[in-house]
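2 protein chains.
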Amino acid sequence: MQNFTWYNPTRVIFGKDTVPQLADILKADGVKGVLLVFGGKGTFKSGAYAQVTEMLNDAGITFSEVNDIKSNPLVGKVRDGVARVKAGGIDAILPIGGGSVFDTAKAIAAGSCYNGDVWDFFTGKAKITKALPIYGVLTASASSSEVNNIAVVSNPESEIKTSITGNALYPKVSVIDPSFQITLPEKQTIYGGVDIIAHVLERVLDGDEGSDLIDEQGYALIRTMMRVIPELIENPRDYDLRAEYAMAGMMAHNGFLSLGRNARGDFSSHRMGHSLSMLFGAAHGATLAVVMPAWARYLYEDNPVPFARLGEGVFDIFDGSDEEKALEAIEALEDFFRDIKAPTTLRELGVKEEDIERIAENASRGQTFGVLSPLEPDDVLEIFKLAY
Amino acid sequence: MQNFTWYNPTRVIFGKDTVPQLADILKADGVKGVLLVFGGKGTFKSGAYAQVTEMLNDAGITFSEVNDIKSNPLVGKVRDGVARVKAGGIDAILPIGGGSVFDTAKAIAAGSCYNGDVWDFFTGKAKITKALPIYGVLTASASSSEVNNIAVVSNPESEIKTSITGNALYPKVSVIDPSFQITLPEKQTIYGGVDIIAHVLERVLDGDEGSDLIDEQGYALIRTMMRVIPELIENPRDYDLRAEYAMAGMMAHNGFLSLGRNARGDFSSHRMGHSLSMLFGAAHGATLAVVMPAWARYLYEDNPVPFARLGEGVFDIFDGSDEEKALEAIEALEDFFRDIKAPTTLRELGVKEEDIERIAENASRGQTFGVLSPLEPDDVLEIFKLAY
Chain A
1 MQNFTWYNPT RVIFGKDTVP QLADILKADG VKGVLLVFGG KGTFKSGAYA QVTEMLNDAG
61 ITFSEVNDIK SNPLVGKVRD GVARVKAGGI DAILPIGGGS VFDTAKAIAA GSCYNGDVWD
121 FFTGKAKITK ALPIYGVLTA SASSSEVNNI AVVSNPESEI KTSITGNALY PKVSVIDPSF
181 QITLPEKQTI YGGVDIIAHV LERVLDGDEG SDLIDEQGYA LIRTMMRVIP ELIENPRDYD
241 LRAEYAMAGM MAHNGFLSLG RNARGDFSSH RMGHSLSMLF GAAHGATLAV VMPAWARYLY
301 EDNPVPFARL GEGVFDIFDG SDEEKALEAI EALEDFFRDI KAPTTLRELG VKEEDIERIA
361 ENASRGQTFG VLSPLEPDDV LEIFKLAY
Chain B
389 MQNFTWYNPT RVIFGKDTVP QLADILKADG VKGVLLVFGG KGTFKSGAYA QVTEMLNDAG
449 ITFSEVNDIK SNPLVGKVRD GVARVKAGGI DAILPIGGGS VFDTAKAIAA GSCYNGDVWD
509 FFTGKAKITK ALPIYGVLTA SASSSEVNNI AVVSNPESEI KTSITGNALY PKVSVIDPSF
569 QITLPEKQTI YGGVDIIAHV LERVLDGDEG SDLIDEQGYA LIRTMMRVIP ELIENPRDYD
629 LRAEYAMAGM MAHNGFLSLG RNARGDFSSH RMGHSLSMLF GAAHGATLAV VMPAWARYLY
689 EDNPVPFARL GEGVFDIFDG SDEEKALEAI EALEDFFRDI KAPTTLRELG VKEEDIERIA
749 ENASRGQTFG VLSPLEPDDV LEIFKLAY
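Which chain is which? The protein sequence lines are A and B, in order. Quick note: the first sequence, position 23, residue 23 per my numbering, numbers continuous. Quick note: the second sequence, position 62, residue 450 per my numbering, numbers continuous.
Extracted from the complex, chain A is given alone in its bound form (with noise of 0.2 Å):
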């Protein structure tokens, strides 16, 4: 097992009808007014936006707002968020919205604490030392930003979707309301689940020995995903099930399923999901599910002990040898992205097989990257070839 360091300090409330606690922390903690960072409908349809402005009304607390925040959201509206605050009266960023609302947020906090623009952090030319404290209110579970501190954020001009880390974009308060979730579209629930159930991957499939307990829990979490995913499809409004998703989705991505691994994951399928979700604006939880098996298929032979645990821990898979259990995993894997209707190949994102160069170099820019094995660019090219 490998050293680490944990730390998570975010306070999480989490249950129905939680957003008025909000109001005694803020009090408390001294906060006249809030930017708010949401979406679109969505955050009215699923009553966060009422809840929260009623709370902020009876808090007596003013605020601002950036709203129109998409997947995949972009530095253009970081920009607009800090520029809001840098004009006055704010003491904190309210996102109300899921992982790409919450990234936005913390972008937002931290580059209103910096004189440069906020892209520095992204291209490290700056590091994040301090940022405006986030109180967030979940509406969408998947991508663990509620509870961790990484945000993710694309910049059309240099047609690049990457993420920068610190300590001071943990949020200081996430109220994760499930009942919220129960108004998501299907498609959001389907590419939510692939995206929390992708982290564990990422995860578990490093190479890193780790900790057997860690992977375990992993493990674990996987199967709740593929019993509660499905479910959900059926249920959309079952309080219960969504209360397990949003478990597992703050659970898959905070950390804590990193403990005693070295590189802490591998990340390979994001990065290119990433160049995905860039060039055509591919969900992301889509992007995974297309690319997770093209990488696992043509990485597995020369590594198969991780995806032979993988076929034990979470799909019974007990006879053959490690190359056969692994690819027995894979195909399983497959099966399920099948079954809830998630993409598995490039065609069906709408990609063309003359576009699969130009994903490939904007996935690699000339890097090598990944921990179970490092892809060269030509890696990658062959990998988006299996993946169409």
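Simulated from the structure, these hints should not be mistaken for laboratory data. None of the values given here were measured: they were computed from a predicted structure. Mixed in with the good hints there might be a few duds.
With a Cα cut of at most 20 Å, we get these calculated SDA-like pairs of lysine to any residue [as the list claims (entries may be wrong)]:
1) B:560 x A:27
2) A:130 x B:556
3) A:16 x B:393
4) B:415 x A:11
5) B:404 x A:262
6) B:518 x A:11
7) B:518 x A:16
8) B:560 x A:262
9) B:560 x A:167
10) A:172 x B:393
11) A:172 x B:556
12) A:172 x B:555
13) A:27 x B:395
14) A:16 x B:560
15) B:404 x A:25
16) A:172 x B:404
17) B:560 x A:264
Model the placement of chain B on the given structure of chain A, informed by the hints.
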């Protein structure tokens, strides 16, 4: 699933040779003098004392000592520590040890910021609002005290062993170097392991529906411990086994496995076990191996479901009625305790039949307690008779 709040700000530094990392942290936090709290020979044998004092000397931090803390730690030692802090020159508490030492340190940390007698916190006469910061070094995993906000202390005058809880009691930093546990006596590995398992059982057997995902995480933790404890008895110097044990030890009772549960666990068996420790000085883990199976046998027929689910999740028991699965699970648990040479009867703890009433009275104190099934004083007496 029940609403909950999750907050755990302790920074965990986990792994080999990690004590020196404390120097920079203590200096950055402006600590000039610490109170070392520890037990006896084990602190020196493990190498922890030498590493900590070298680190403090290098950092130019002075230290005083309160030592000879025993298992089932006494309030007298807490008072000694508080007096030492009030004499001046101490900004922080630095426990080096296991749960008893951490618990003592927490009580000292709170008592040092209070004008009355520290026992007032335990009787409910005073509430914990602040405490000195705690920077701990763990040398024995079992209680999760290194990552929770609980302290259990015994008062021999009133013959009560009881606990305090408060967010001010979370250690600021806990260093968990599993190599310090290589020199632990075999009995401590066994009893600590029983305690870790019991912390999960107290939760998954409390009768609350809770969260399937959290239950699965709990079952995975028990399965890991059931593999690791016997392997450690054979190979006590195996670092990776010690690391898995330490990982499970910090996760079992840090609050995480209570997420989504109403009562956050039953803990009747802990309360009954505390009486055996108080009156007979029995090791905490040993009392749990005796009490939990008796408690389970007494209750399972009226509440078979949580026991049957335990059977499925931990022991692969899938055939039969819930009652049959429940009984089979309880027997499997007892078999495991016997296999690792933990006591499973009061007789093995040296208790005589004529002591049973006094023990039951000490546990009940005229009150009804327990979550899965509230235990009247008569029930408690019957459970101890069953355990005899």
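How the hints compare with the structure:
1. B:560 x A:27: violated (25 Å)
2. A:130 x B:556: violated (24 Å)
3. A:16 x B:393: holds (12 Å)
4. B:415 x A:11: violated (27 Å)
5. B:404 x A:262: Roughly 14 Å between the alpha carbons, so the hint for residue 404 of chain B and residue 262 of chain A holds.
6. B:518 x A:11: holds (19 Å)
7. B:518 x A:16: Distance ~31 Å between residue 518 of chain B and residue 16 of chain A Cα, so the pair is violated.
8. B:560 x A:262: violated (24 Å)
9. B:560 x A:167: At roughly 16 Å apart (the allowed maximum being 20 Å), residue 167 of chain A and residue 560 of chain B satisfy the hint.
10. A:172 x B:393: holds (13 Å)
11. A:172 x B:556: Given that 20 Å is the threshold and the Cα spacing comes to 17 Å, the pair holds.
12. A:172 x B:555: Given that 20 Å is the threshold and the Cα spacing comes to 16 Å, the pair holds.
13. A:27 x B:395: holds (19 Å)
14. A:16 x B:560: Not satisfied, since the Cα-Cα distance of roughly 31 Å exceeds 20 Å.
15. B:404 x A:25: violated (39 Å)
16. A:172 x B:404: Judged against 20 Å, a Cα distance of about 31 Å means the pair is violated.
17. B:560 x A:264: violated (23 Å)
Checked against the numbered hints above, the structure violates hints 1, 2, 4, 7, 8, 14, 15, 16, 17; every other hint is satisfied.
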